[in-house]
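S.K.: Chains as they are written, first to last, in my numbering: chain A, 286 to 668; chain B, 286 to 668.
Among the hints, erroneous ones may be present.
Each pair may be met inside one copy or between any two copies, as identical chains are not told apart.
Calculated cross-link-like contacts (lysine to any residue; reagent style SDA-like; alpha-carbon spacing at most 20 Å) [unchecked claim]: (1) 579 to 419; (2) 657 to 509; (3) 574 to 561; (4) 595 to 330; (5) 595 to 333; (6) 657 to 418; (7) 386 to 433; (8) 657 to 433; (9) 595 to 334; (10) 386 to 400; (11) 579 to 357; (12) 574 to 358; (13) 579 to 354; (14) 579 to 367; (15) 574 to 346; (16) 574 to 402.
Since the hints were derived computationally from the structure, they do not count as laboratory data.
Protein chains: 2
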Amino acid sequence: MFELLKTDAHTKARLGRLSTGHGVFETPVFMPVGTQASVKALDPRELRDMGTQIILGNTYHLNLRPGLDVIRAAGGLHRFMNWERPILTDSGGFQVFSLAKIRKVKEHGVEFRSHLDGSLLFLGPKEAMEIQRVLGSDIAMVFDECPPHDAPAREQKLAVERTIRWARECRESRPGGRDGGQQVFGIVQGGSNPALREECARALIAMDFDGYAIGGVSVGEPEAEMFKAIELTEPFLPAHKARYAMGLGTPAQMLELIARGVDMFDCVLPTRVARNGTAITRRGAFGLKGGGYKADFRPIEEGCECFACKNFTRAYLRHLLNVNEILGLRMVSLHNTHLYLKLMADVRAQLAAGTFADFYREFIANYVPSRKVLSARQREIER
Amino acid sequence: MFELLKTDAHTKARLGRLSTGHGVFETPVFMPVGTQASVKALDPRELRDMGTQIILGNTYHLNLRPGLDVIRAAGGLHRFMNWERPILTDSGGFQVFSLAKIRKVKEHGVEFRSHLDGSLLFLGPKEAMEIQRVLGSDIAMVFDECPPHDAPAREQKLAVERTIRWARECRESRPGGRDGGQQVFGIVQGGSNPALREECARALIAMDFDGYAIGGVSVGEPEAEMFKAIELTEPFLPAHKARYAMGLGTPAQMLELIARGVDMFDCVLPTRVARNGTAITRRGAFGLKGGGYKADFRPIEEGCECFACKNFTRAYLRHLLNVNEILGLRMVSLHNTHLYLKLMADVRAQLAAGTFADFYREFIANYVPSRKVLSARQREIER
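Next comes chain A alone, as it looks inside the complex:
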């Protein structure tokens, strides 16, 4: 179902195409995140107009609210939220290990208390696959264990063992996907341990999943460790399957990961920071609420073709953000998401033209990383 169209001559970047029951999408691709059946602040028309090819939904959240009965009655997630294009659903593994209170890891899954009302719930490979079957996503993810980046070695090893065992249980419950139905992606864990990453990747590949995700990234690790985790995993992944780096990243990080052979991305960053008034551009991010933009009548980003930049000034959006008008965070969410999608479209065009390496170099040179990323890099140098 994944077609590798071209591999870059100078980097590991790949141009590809993935076919699903709800249509084809091209890679590299960015998937806006619709955790609770809505990409925060945006509507489906806006998403389509921006060229969104596929969005992400969350098993953990959707299972809690509105609950499976409602989505089943609606005829699946696509119909429930009125989104006709592909959807990938996360398995809930990440959320169980990050959001849920008081959890108890068992043989066939995790017993935990809901982060909403404390009710006792159980999620494991069998349950996660069944929920995703009802959601009717085009790509389901296996149920994995995702430890924090600073988990001790023993815990990382146990997590890999469980992740492999649970992946097998997921695969057994859904052997197909080749008939235009739901595809299933495996998730490689292993932290920054080369042996664990290799072990996990090899075991999953033997199960012949429809694609492979690199998990255990975007869990609080410094940027350098994140790149390392990707580099430790990618060489083992088969060229003819899609590779997905979960929960990443900034525009510059996505380019770095594309150059390292990654095809698919999802990230809450563009919409999350927008709600705090942070606009993301090709030169880096900036806080629109600052007094400096009070009478700045330029668009968020010169040359940007998004609805926000074509219609509104920084001065106006700054005002809206400062007086808590919803249109402010809507428009910054829209701009940021548009930037991510347009960047991926540009990358695909550069790959097709054989000019990706130059584009990549220039983009990184012009992008000013956030202070958080910069200070992490500084700590790395000082070590």
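With the hints as your guide, set chain B onto chain A.
M.R.: Below, chain B without anything else, positioned relative to chain A:
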């Protein structure tokens, strides 16, 4: 600038047309409220697509944030918020008397403390007209004194005296408007006192304003008193000028007021209640968050042509509202505003066809008022 096209044979309803520097609008008209230079949760494209002819902005709020310097630098309110069609601005009188802390009424205006930071400010006829000149609205309102509905008779009388004096000061500072520039509307006060209403109306009409508003309504009074205030005022207003009932009302109330000779309306109700999950229909309002809509896959209102009803179900919107997704309140705001605008379009068509009286009777018979309105009516009966 106002053309009276037709008067209904059975009621006092009127079909009209008002020309401004930013185009013509037809009456009866509903003006969505953009207090802080944004109709809450909606964007200008959505407003245009729904057939919004004119919106309202607020002198008091815009003068505080973003401040006049910013709007002047932007080239006026239309350009600041990217709205090309007509704008009416309220004078700030209502807000000074309802929002501001610690106020001191003086000869030429009101000294008050900002409801935001407590800073000492002064707003009077001269200031309000100057601010509205800079905002560049198509219709400016005079600076009036708007007492609460239960203010003692003496206070109502003083308010009318000041309102007349301040209206004259406003008129003197802006004698024109007849050249396609900013028009100025007078505001009739006087509570539910027939003599005061008449005195105020006659005095204002002698000043020959471009239109007349009925103020001192939507200030907490029971519905019956509101109708009375309109009925006490309308007979004195000239037929060839537009009449505007400020801050009103529910769909049924607007129809009642149209039948009593009112041409223009503004109200925060459709967007304010939307943010609490209340949808307004032609049969009354209902709270979408209720469990009864959990698996209700009908649109908010059958037959409605708004973007929300064409794209989403009650079940989906209920879910979004309950998990605090912005798309939920966006879509209910959109539906409610669309309903108000479409209702006015229907009223105009009925007036043109000479069938308004039947439409009006049927609409009122089918509309279930809110519990608040119903219990106020009950109290009236019991008195």
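S.K.: Any of the earlier hints contradicted here, and which numbers?
M.R.: Violated: hint 6 alone.
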